[in-house]
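S.K.: Chains as they are written, first to last, in the working numbering: chain A, 1 to 195; chain B, 1 to 459.
To be clear, the hints were calculated from the coordinates, so they are not data collected in a lab. Computed from a predicted model, the values in this text were never measured in an experiment. Do not take every clue at face value.
Unchecked claim - Heads up, incomplete: computed chain B residues facing chain A, CB under 8 Å, no partners named: (1) THR16; (2) PRO22; (3) GLN85; (4) SER155; (5) SER195; (6) THR197.
In this text, a Cβ means the ideal position worked out from N, Cα and C, and glycines have one as well.
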Amino acid sequence: MAKFTKITSTAVPLAIQNIDTDQVIPARFLKATNREGFGENLFRDWRFNKNGLVNHDFILNNKNYCGEILIAGSNFGCGSSREHAAWAVHDYGFKVVISSFFADIFKGNALNNGILPVQISEEFLQILLKTTKEKPQTILSVDLENQTLTLEETGLSEKFDIDPYKKLCFQNGYDDIDYLISIKDKIEAYETTNR
Amino acid sequence: MGKTLFDKVWDSHSVTTIENGPHVLYIDKHLIHEVTSPQAFKELENRGIALFRPKQIVATADHNTPTKNQHLPIKDLQSRNQLEQLAKNCTKNNIELYGLGHKYNGIIHVIAPELGMTQPGMTIVCGDSHTSTHGAFGSIAFGIGTSQVAQVFASQSLILERPKTMRVSVNGKLAKGVLAKDVILYIIAKLGTNSGTGYFIEYAGNVFEDMTMESRMTVCNMSIEMGARGGMIAPDKTTFDYIKGRKFAPKGDAFTKKVTYWKSLKTDSDAIFDASYEFDASDIEPMITYGTNPGMGIKITEKIPSEESESLEKSLKYMGFKKGTSLINQPINYVFIGSCTNSRIEDFRIAANYIKGKQKAKNVNALIVPGSQLVAKQIVEEGLQTVFEEAGFELRQPGCSACLAMNDDKIPEGEYCVSTSNRNFEGRQGQGARTLLASPLVAASVAISGKIIDITKNF
Ligand code: SF4
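Whenever a hint applies, use it, and build me the whole structure from the sequences.
M.R.: Dropping the structure here:
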């Protein structure tokens, strides 16, 4: 996993609630056996209509909106546990997803793939969605050390939570497998007494 | 202070706690399938790590598999490749595989319980969100992502934040024709699709106590549709009787000893839940969904809500429905009875019992997909196959099938499907397909009538 400290970028506002992982990446694209290439099909059925034509009404198809940050309506990533959703988000180029609420499994999957899920208040979310929609060049900065998300232009800022252990993982670029392997003796001891 | 059922199982699996941080939880059983495992195997290979406890893993092929001509090579090359990779990975790592054609093959959440692998007090994970199904036995069971699949491969453990606990009680008497599926659709409609996020749910009350294991699994299966990682029901005599004698169940003295332990897996009377809800069984009626998430459900006799809401409008536009209207008499061309929610023998008995002696409506394509080879066998043995076939239903071979339409079993664009599965998301059953979730009984009645009817009038 790459190290993560601070990201300053424009953002793509996706003002839809309850985006489930079937929308993030439809099941018919889950047949690959590697992790790469899913970005191409991110939000596939919203980006393209059935005959493969680009849906110009969808914000990801509007060149004015781009950046490493995705802002989404509340309860992002509900539904299926498919990690392909996180891979697709990452592969497309997003490093941060902002929402007022994340579904559990998506949040975990994001954290395991170097995507920072930033959970903020519904109020701040609405401000961000509106500002970035109106002014696509709006810059946001995500500071992991201080756990703040800031609208650069106005300085409007909000703190976000992250598990201290996960924060350390992000800052140092290591992951759960590294940690679990390092405590193998404890796991074996557990097995001896409990199984 | 007393402990909840969840606390008891969690605490007995805690390996250690990271300072100021999450817990390391030991995993007893790891279930895998073809779609969410290949990248995890690769991850371990890339890091040069061997699988830690392959004997605690069981594999099946279910998501991608065809439900016709399973003895022939799979036509879809990508699907075939996924199954081949799974077989290779299992052979290489000494993992038991119940692949396509095996007498135990089927949907992972159907086969593990029916083979007696799922037992009370266990921790069970699978790269699939409906792993919550196994909580019906009083185990902590939840879906994980592929990175976590790799973690369990490497260490048989997971790093997790301890979830909060919620109790959902339903007491009273269910009306005739109200099934487990209606109970859970009702609860989700009442509480909402993200009400359970961060929680593990315990279902309590006489309604769940009186349910069969099949019905309890239907309830726990859909816990994730409230956002909860899992749902549990305290094990009791129904649970023990179900497990006894199954292939992987403990035998003889070992079984008796286990039962003594399993009996201790009950929430203490002075335990405190972080959240608690209570419902009255007599308020529940046969349910149906009208929108594009499982929380958008109504009693079949109710009208679609008419509040001002952007997400409601977006959903209704997709579904082609209007606010404030009734779904009764809505024509339906597709019916799917299957998926890990409702593809156990009980579900097919209920459907067959309704269908017997009737004919499906001409406009309807009715698909019956058993959850496993064992269920398929039982369908034949109990004579249900004849009932289905005489009524014009199509009985297929086991698999996930039209639940997520990764194989050929897709609902065409714009068509309505009354489905016993668990998700009505946009495109879930095929691009542009419109899904209405319901019980096997409602689904059967729709197949016969060719439209949604008020099934409550039949009782
Ligand atoms: S039947 Fe549907 S919900 Fe169940 S495991 Fe298969 S795809 Fe998932």
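S.K.: Return the status of the interface hint for THR197 (chain B): holds when the least beta-carbon distance to chain A is below 8 Å, violated otherwise.
M.R.: At about 6 Å, which falls below the 8 Å cut-off, the nearest Cβ of chain A leaves the hint on THR197 (chain B) intact, so it holds.
S.K.: Given a cut of 8 Å on the nearest C-beta pair, is the interface hint for PRO22 (chain B) held or broken against chain A?
M.R.: The hint holds - PRO22 (chain B) has a Cβ within 8 Å of chain A, the shortest such distance being about 6 Å.
S.K.: Report holds or violated for the interface hint on SER195 (chain B), using the least CB-CB distance to chain A and a cut-off of 8 Å.
M.R.: Hint on SER195 (chain B): violated, closest Cβ of chain A at ~10 Å, above 8 Å.
S.K.: Mind checking the CB of SER155 (chain B) against every CB in chain A and telling me if the closest is under 8 Å?
M.R.: With Cβ-Cβ at 4 Å, under 8 Å, it holds.
S.K.: Next item in the hint list is THR16 (chain B). Is there a CB on chain A closer than 8 Å to its CB?
M.R.: holds, 5 Å
S.K.: Less than 8 Å between beta-carbons is the criterion; does GLN85 (chain B) satisfy it with respect to chain A?
M.R.: holds, 5 Å
The structure shown violates just one earlier hint, number 5.
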